[in-house]
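The listed protein sequences correspond, in order, to chains H and B. Position 111 of the first sequence, counting from 1, maps to 111 under our numbering, and the rest follow consecutively. Position 36 of the second sequence, counting from 1, maps to 36 under our numbering, and the rest follow consecutively.
Since the hints were made in silico from the structure, they are not lab data. Watch out, some of these pointers could steer you wrong.
Pairs of lysine to any residue residues, derived as SDA-like cross-links and limited to a Cα-Cα distance of at most 20 Å, are as follows [claimed, not checked]:
#, chain 1, residue 1, chain 2, residue 2
1, B, K56, B, K42
2, B, K2, H, M31
3, B, K70, B, D7
4, B, K99, H, C13
5, B, K2, H, Q38
Each chain, written out:
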Amino acid sequence: SAVISQKPSRDICQRGTSLTIQCQVDSQVTMMFWYRQQPGQSLTLIATANQGSEATYESGFVIDKFPISRPNLTFSTLTVSNMSPEDSSIYLCSVDDPRTGTNYGYTFGSGTRLTVV
Amino acid sequence: QKEVEQDPGPLSVPEGAIVSLNCTYSNSAFQYFMWYRQYSRKGPELLMYTYSSGNKEDGRFTAQVDKSSKYISLFIRDSQPSDSATYLCAMRTPYNTDKLIFGTGTRLQVFP
């Protein structure tokens, strides 16, 4: 399966600042996905990033708050902008799992644990 | 009502026990069902996947889908301390292949 490197693994940030999370995959993938995992809640899809097009955001997530870049088939970034304590969460990058095809699950990175103070 | 419901646990069992983890769902259009395992401070790892109804076995793990009851299960036989993790169910419809809907996860602890 694909190997995903996600950076940083954790960070503590001041409110009002922005953090950019990087996701690097060891193989070319069509779609990359960004999820948020809050304590006691299910993983929630933020947006889908395809190379060469604008990211598609899920309801409740907007580009101004979570701008995404996808410059090539192995890399993507998610920025959490103008952060508030409510943005404290784990952010996960994921890609289609080549073992199972696009009908099934994804491979996830280890996540970025963000704390906003 | 959430689309996918999962008991958060924690579930604590002795080594060697049979573990049953379950999810219920409300959307009858779900056709693809998955179970992920997530160790502390790691991303979720795909464990099992099934299509529509029926059982699927892989080693000590069995995934079961009952579409008539909108109920899926993951059974772990001969549980080991290394199985201690959070188990998340996930599912999707055939027409919205980008979007997985996850349960909140059940924390499992297997003690020696």
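Here's how the hints hold up against the structure:
1. K56/B with K42/B: 25 Å, violated
2. K2/B with M31/H: Violated. K2/B to M31/H sits at ~26 Å, over the 20 Å cutoff.
3. K70/B with D7/B: The hint holds at about 15 Å.
4. K99/B with C13/H: With Cα atoms ~29 Å apart, K99/B and C13/H exceed 20 Å; violated.
5. K2/B with Q38/H: 16 Å, holds
Violated hints, listed in ascending order, are 1, 2, 4; each of the other numbered hints is respected by the structure.
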